[in-house]
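Trainee: Can you make the complete structure from the sequences, with help from the hints?
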Amino acid sequence: MDFDGARGSREVVELRLQIENLESRLATLKTQLAVAEKKDILTKSQDDFVAKPSIKPGTEDSHGALDFTNLKRGTLTEASHSRWPLQNEEYTRYGRQMILPEVGLPGQLRLKDARVLIVGVGGLGCPAAAYLAGAGVGTLGLVDGDTVEISNLHRQIAHSTATVGMSKVDSAIKYLSSLNPLVRYERHPEHLAPSSAIDIFSRYDLVLDCTDRPSSRYLISDAAVLTGKPLVSASALKTEGQLVILNNPPRSPRDPAGGPCYRCVFPKPPPAESVLSCGEGGILGPVVGVMGVLQALEAIEILVAGPIVSDASNGTVEAEPARPTLLMFSANSQPQFRSVRLRSRRKDCAACSSAATISRRSLTSGLLDYQTFCGTVAPVDMLPAESRISAAEFSNLPSDSRGVLIDTRDETQYGICALPGSINVPWTGDAKSWAAKASSLEDVARAHGPAHVVCRLGNDSQLAVKAFQEHTERFEAKDIRGGLRAWREQADPEWPDY
Amino acid sequence: MAESTSIPLTIEFTGGLELLFSNQRKHKVDLPSSKQSPNVADLITYLCDNLMKDPRKDMFVLDGTVRPGILVLINDADWELEGQETYQLQPRDEIVFVSTLHGG
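For the record, the sequence lines run as chains A and B. Just so it is clear: in the first sequence, position 312 is 312 by the UniProt record's numbering, and no numbers are missing. Just so it is clear: in the second sequence, position 27 is 27 by the UniProt record's numbering, and no numbers are missing.
Hints are computed from structural coordinates only; laboratory data are not their basis. One or more of the hints may lead you astray.
[Claimed, not checked] In silico lysine-lysine, BS3-like type, Cα no more than 25 Å apart, as pairs: (1) B:Lys28 to A:Lys437; (2) B:Lys53 to A:Lys238; (3) A:Lys437 to B:Lys57; (4) B:Lys28 to A:Lys347; (5) B:Lys26 to A:Lys466; (6) B:Lys26 to B:Lys53; (7) A:Lys238 to A:Lys268; (8) A:Lys466 to A:Lys437; (9) A:Lys466 to B:Lys28; (10) B:Lys28 to A:Lys432; (11) A:Lys268 to B:Lys57; (12) B:Lys57 to B:Lys28; (13) A:Lys432 to A:Lys466; (14) B:Lys28 to A:Lys268; (15) B:Lys53 to B:Lys28; (16) A:Lys268 to A:Lys347; (17) B:Lys26 to B:Lys57; (18) A:Lys432 to B:Lys57.
Mentor: Right, dumping it as structure tokens:
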């Protein structure tokens with residue numbers, strides 16, 4: 001516990017709630033006692049009316065501090081209370097979902113019994129955690145090694161301006177505790193590592209992948225297969241999202257009746273340079289929010305349905321073979337949602353087939369390097385020193401030595417903020433055509449002195465300088481090292497930091 | 001003998017792949033078919049040579065097939081359920097190329 005504030009306020013909320021509950025309970029008891037004394041009702045006859053819950057309530061794991069059933073056991077008042085498998089407040093709190101035939105009392109008890117792990121407490125994890133906490137999932141575990149940044153807040157709804165700088169796990173628990181103090185929250189304020197994933201996953205019933213990169217998606221899938229947990233996986237970027245339920249049913253590796261894992265669908269990771277993060281590509285808050293809410297929905301459906309019974313004697317739905325689907329959401333398409341059929345388990349899957357090479361031991365011993373498997377993009381560093389200039393140096397150049405300044409960001413970013421006198425020639429990825437386009441512009445062709453090239457972070461600008469050098473007559477081209485981020489740090493602290 | 005004809009198809013690119021195809025998601029393509037019925041491999045070659053203006057071919061095709069991280073859907077089903085590259089295209093088939101997303 002490194003954050004006493006969150007714990008403190010959570011305790012205050014919990015204590016207030018307990019007192020409130022006890023007082024209202026006391027009032028009820030007094031009324032009941034008065035009625036009982038008047039009518040002189042026998043204890044025994046009252047017990048005859050006790051409703052037998054169809055499912056044994058699993059209150060052991062739930063919030064002990066608020067469990068009134070442990071008070072005054074064996075007394076008359078206790079007998080009248082314990083006939084209900086949920087606490088009084090829970091009927092009120094969850095009533096609106098409990099009256100759905102899809103949930104009912106058995107479904108609510110299954111939720112209360114359930115332990116759900118959310119890996120990643122960002123744009124997906126925040127809404128997912130909020131709805132699962134609200135629904136009364138008994139235990140929620142949160143994994144994230146990051147701290148809250150102000151650029152998270154447009155989409156990561158469990159964090160707030162006041163918790164910027166705090167661990168995301170603690171920030172979320174602060175929010176979730178005030179939403180529903182009856183849930184037990186378990187902290188894992190670190191990035192999920194192969195060495196600890198099996199141990200952590202083993203303690204939960206179901207896992208949500210709310211992370212943001214391929215390496216963690218493979219790790220989470222492998223750990224889910226090895227520990228036999230269904231996995232609800234989602235992702236989002238720009239205006240699109242994808243949702244898939246993996247390893248469901250979570251049959252043992254080698255059993256083809258189990259649901260496919262991430263490796264069955266994507267045996268090879270994408271080239272690292274094709275992967276865009278939300279920081280690079282952008283993300284619309286409600287888009288990732290929709291996907292996180294859908295993850296919560298899928299988790300609730302799986303939990304409420306309960307374990308799959310192969311012999312359905314009481315009319316419940318027979319266990320069906322896995323019918324894996326991918327749900328695609330696109331804010332700008334018509335229709336916005338589209339569901340497509342996926343393949344089943346792959347016969348030669350490295351994780352979930354009889355030919356599997358991935359084992360608990362290979363994971364915990366650190367034999368599997370997920371970063372290497374997925375690759376990394378090294379920062380571009382391709383130019384000799386004489387083709388580069390620092391932002392500070394550039395800002396000190398007399399204006400007649402600056403030559404022409406070319407900004408290679410896309411039109412949208414250029415529209416947010418641009419250096420005076422700069423010319424926008426967005427980098428296209430193709431050196432030859434870009435150089436041809438840039439050098440054909442009148443302002444570029446006419447300019448005297450060197451061409452300076454700038455971009456957001458200083459990668460594309462190097463490629464552009466190289467393109468100039470290789471495909472045009474203009475060899476005098478320099479890259480502003482570190483791009484506009486460096487410009488902000490070295491020359492203009494008021495430059496927008498988007 | 002097979003005549004020189006063409007197969008009308010709907011092609012869609014999502015998950016960012018549309019950026020490689022003139023930033024347009026949906027394309028109507030008349031796939032020339034000199035042989036009886038071209039398959040998905042023929043389609044991919046055709047798209048690379050005719051529809052893709054972006055020079056970064058390896059963002060779409062790698063080692064002779066679509067690069068890892070792209071799902072190919074044939075009429076709303078993973079192409080692995082339909083025979084992958086060997087699936088023989090039918091008139092009005094809908095082929096979707098989806099780049100997987102990773103953000104969250």
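Trainee: Compare the structure with each hint and give your call.
Mentor: Hint by hint, here is what the structure shows:
1. Taking the CA atoms of Lys28 of chain B and Lys437 of chain A, the gap is about 29 Å. The hint is violated against a cut of 25 Å.
2. The hinted pair formed by Lys53 of chain B and Lys238 of chain A meets the criterion: a straight-line CA distance of about 23 Å does not exceed 25 Å.
3. A hinted pair counts as satisfied when its Cα atoms are at most 25 Å apart, and Lys437 of chain A with Lys57 of chain B qualifies at roughly 20 Å.
4. A C-alpha spacing of about 36 Å is found between Lys28 of chain B and Lys347 of chain A, which places the hinted pair above 25 Å, so the restraint is violated.
5. The suggested pairing of Lys26 of chain B with Lys466 of chain A is violated, with an alpha-carbon distance near 34 Å, which exceeds 25 Å.
6. As the CA atoms of Lys26 of chain B and Lys53 of chain B are separated by approximately 15 Å, the hinted pair is consistent with the 25 Å bound.
7. Restraint check for Lys238 of chain A and Lys268 of chain A: the C-alpha separation of about 24 Å stays at or below 25 Å, so the hint holds.
8. Taking the CA atoms of Lys466 of chain A and Lys437 of chain A, the gap is near 14 Å; set against the 25 Å cutoff, the hint holds.
9. For a cut-off of 25 Å, the pair hint linking Lys466 of chain A to Lys28 of chain B is broken: about 37 Å separates their Cα positions.
10. For the proposed pair Lys28 of chain B and Lys432 of chain A, the alpha carbon gap of about 29 Å is over 25 Å, so the pair is violated.
11. For a cut-off of 25 Å, the pair hint linking Lys268 of chain A to Lys57 of chain B stands: about 18 Å separates their Cα positions.
12. Restraint check for Lys57 of chain B and Lys28 of chain B: satisfied, since their Cα atoms lie roughly 20 Å apart, inside the 25 Å limit.
13. With a C-alpha separation of about 10 Å, the suggested pairing of Lys432 of chain A with Lys466 of chain A holds against the 25 Å cut-off.
14. Straight-line distance between C-alpha atoms of Lys28 of chain B and Lys268 of chain A comes to about 30 Å, which puts the hinted pair past the 25 Å bound.
15. For the hint linking Lys53 of chain B to Lys28 of chain B, the alpha-carbon distance of about 16 Å falls within 25 Å, and the restraint holds.
16. Between Lys268 of chain A and Lys347 of chain A the CA atoms are separated by roughly 15 Å; this keeps the pair inside 25 Å, and the hint holds.
17. The straight-line distance between the Cα atoms of Lys26 of chain B and Lys57 of chain B is roughly 19 Å, inside the 25 Å bound, and the hint therefore holds.
18. Restraint check for Lys432 of chain A and Lys57 of chain B: satisfied, since their Cα atoms lie roughly 15 Å apart, inside the 25 Å limit.
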